[in-house]
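Trainee: One-letter residues, chain by chain:
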Amino acid sequence: MNTLAMVALVFVVGAVTFFYRYAMIGLFAGNRLPGWLQVLCKYIAPASFAALTASALFIDGGAVSIALDTPRPWAALVAAGVAWRSGNVLATIATGMATLYALKLIL
Amino acid sequence: MHRAASREFIAGCRDEAPLLLGAIPFGMLYGISSLAAGVPAWLAQLASAVVFAGAAQLVIVQMLAAGAGLMPTALTSGLLNVRHLLYSASMAGYLAHLPRRWRMVLAYLLTDEAYAVAVLHYQAREASADPDMRHWYFLGAGFTLWFAWQLSTAFGLVFGAAIPPEWELEFAVPLTFIALLTLLLRERAGQAAAMVAGAAALLLAALPFKLGLVIAIITGLAAGVWTARRLERVA
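Here the protein sequences come in this chain order: X and Z. No gaps in the numbering here: position 82 of the first sequence is 82 in this note's numbering, and each next residue is one more. No gaps in the numbering here: position 114 of the second sequence is 1114 in this note's numbering, and each next residue is one more.
Some hints here could point you the wrong way.
Partial list, computed: chain Z residues near chain X (C-beta under 8 Å) [said to hold, decoys possible]:
no. : residue
1   : Val1051
2   : Leu1085
3   : Ala1092
4   : Val1105
5   : Ala1107
6   : Val1119
7   : Leu1183
Short, incomplete list of chain Z residues facing chain X, as computed with Cβ under 7 Å [to be verified]:
no. : residue
8   : His1084
9   : Ser1088
10  : Ala1116
11  : Leu1175
12  : Gly1198
13  : Leu1204
14  : Gly1224
Coverage of chain X stretches by chain Z, computed from C-beta distances (three or more under 8 Å per stretch; other residues unrestricted) [unchecked claim]:
no. : region
15  : 17-23
16  : 41-49
17  : 91-101
Since the hints were derived computationally from the structure, they do not count as laboratory data. Treat the numbers as computed from the prediction; the structure is a model and nothing was measured. Ideal Cβ placement from N, Cα and C applies to all residues, glycine included.
Using the sequences and the accompanying hints, generate a full structural model.
Mentor: Right, dumping it as C-alpha cells:
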C-alpha cells in the first residue's frame, strides 16, 4: 500500500471511530441502542482477535501454512497457556517472546 | 477555572494513572511494530492522534504487514471499534447537559481506559456539587491517557528504529491478540464466535487483500449470536 493510501486509511478509520464514540453522546442523544446491536457487540472482539491470531500464525502469503517445525506456533501456545492462567497481557507477551528466543536457540 | 473543576480534573488524572501501566507498553509496542511493518514514523504518530484506539491501530499495522488491502483493513479495524457505541450510549445521559464542543472533546477521548474510569466516577458519586463538574474528571482521565498514548507511541518509534529485525518484536502483536482473546473466552457463545472466526480465517486465506479476514469475523459474529440464542432457549 502506498503512503497516500495509508493516510486515507488512517483518516477513514479515525472518522469511523469518532462517529461511534460521538454517536450516542451527540448525534442520536436521547435514543437507545437497539438490543440486537448490543448482543452483536459482545462477540466482535472474540471473533476479531481469533481471526487475526489464526491469520497471523498460520497464513503466509495468501496460503495456509501450519509450520510446526518453526518456533512461532509453539511460542504462541505457551503464551496462550500463560494468558489463560494469569489473565495478564504483559506476562503473556513476555513469556511468548522468551519462548520464541529459547526455541530459536534450540531449533 | 472553577476550583471544583480543577479538583475534578486532577482527580481524573490521578485515577487514570494506574491504567497507564497497561497502556504505555501497548503504545510502545504499536510504535515498534509500525516501523517493522513499513509504516512511516510520522504516519504512525498521526494515527495515534487521529484514530486513538490501541487495538484498532495494532490491527491496521498487522494487516498492512500482511499485505492487506485498504477496504479489508478499514473494515476490520472499524468493526473492532463498534464497541465504542456501547460506551457512547452508556455515557450519553451523563453528558446530555453539556454544550456540543464539550461533548465532541469527550467523545474523542472515549477510549476503553477512560470509559472504565469515568463511568465508575459517574456511577459512584451523585452530582453533589451544583453545578455538576464531573465532566472535568472525565476530561482529566481522558487527557491523561491521550498524553501517555502519544508519548509512548513516540518512544516506540524512537526505540523501534534501533531494534534489529532478528528480535522479531512484531511477533508481540499476535501475542497481544492471543492475550486479549483468552480473556474473552470465559463464555460459551464467545468461544463459538472465536472458533468459527479462526477456522473461517484459514479456510478463506486465499481471498485477495485479506478480505477473508472480514468475512471470517462476520461469520464468527453470526456463530456467537446463534449460540447465545440456542443456549437461551435451552436454559
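Trainee: Next step is simple, just say for each hint if it's right about the structure.
Mentor: Hint by hint, here is what the structure shows:
Hint on Val1051(Z) holds. Least Cβ distance to chain X is approximately 5 Å, under the 8 Å limit. The closest approach between the C-beta of Leu1085(Z) and any C-beta of chain X is roughly 5 Å, which is under the 8 Å cut-off, so the hint is satisfied. Because the beta carbon of Ala1092(Z) sits about 4 Å from the nearest beta carbon in chain X, less than 8 Å, this interface hint is met. The restraint placing Val1105(Z) at the interface with chain X is violated, with a minimum CB-CB distance near 10 Å, outside the 8 Å limit.
About 4 Å separates the beta-carbon of Ala1107(Z) from the nearest beta-carbon of chain X, less than 8 Å, and the hint is met. For the restraint placing Val1119(Z) at the interface with chain X, the shortest Cβ-Cβ distance is roughly 13 Å, beyond the 8 Å limit, so the hint is violated. Restraint check, Leu1183(Z) versus chain X: the minimum CB separation of about 6 Å is within 8 Å; hint holds. Given the 7 Å rule on beta carbons, the hint for His1084(Z) holds: about 4 Å separates it from the nearest Cβ of chain X.
At a threshold of 7 Å, the smallest CB-CB gap from Ser1088(Z) to chain X is about 4 Å, leaving the interface hint in force. Of the supplied interface hints, the one on Ala1116(Z) is violated, with its beta-carbon coming no nearer than about 14 Å to a beta-carbon of chain X, more than 7 Å. Taking 7 Å as the C-beta cut-off, the interface hint given for Leu1175(Z) holds, the closest approach to chain X being about 4 Å. Of the supplied interface hints, the one on Gly1198(Z) holds, with its beta-carbon coming within about 4 Å of a beta-carbon of chain X, less than 7 Å.
The criterion of a C-beta within 7 Å of any C-beta in chain X is not met by Leu1204(Z), whose closest approach is roughly 9 Å, and the hint is violated. Evaluation of the Gly1224(Z) hint against chain X yields a held restraint, the C-beta minimum of about 3 Å falling below 7 Å. With 6 residues having a Cβ less than 8 Å from any Cβ of chain Z, the region 17-23 of chain X passes the three-residue criterion, so the hint holds. Only residues whose beta carbon comes within less than 8 Å of a beta carbon in chain Z count, and the region 41-49 of chain X has 9; three or more means the coverage holds.
Requiring three or more residues with a Cβ within less than 8 Å of a Cβ of chain Z, the coverage given for the region 91-101 of chain X holds, as 5 such residues are present.
The structure fails to meet hints 4, 6, 10 and 13 from the earlier list, while all remaining hints are met.
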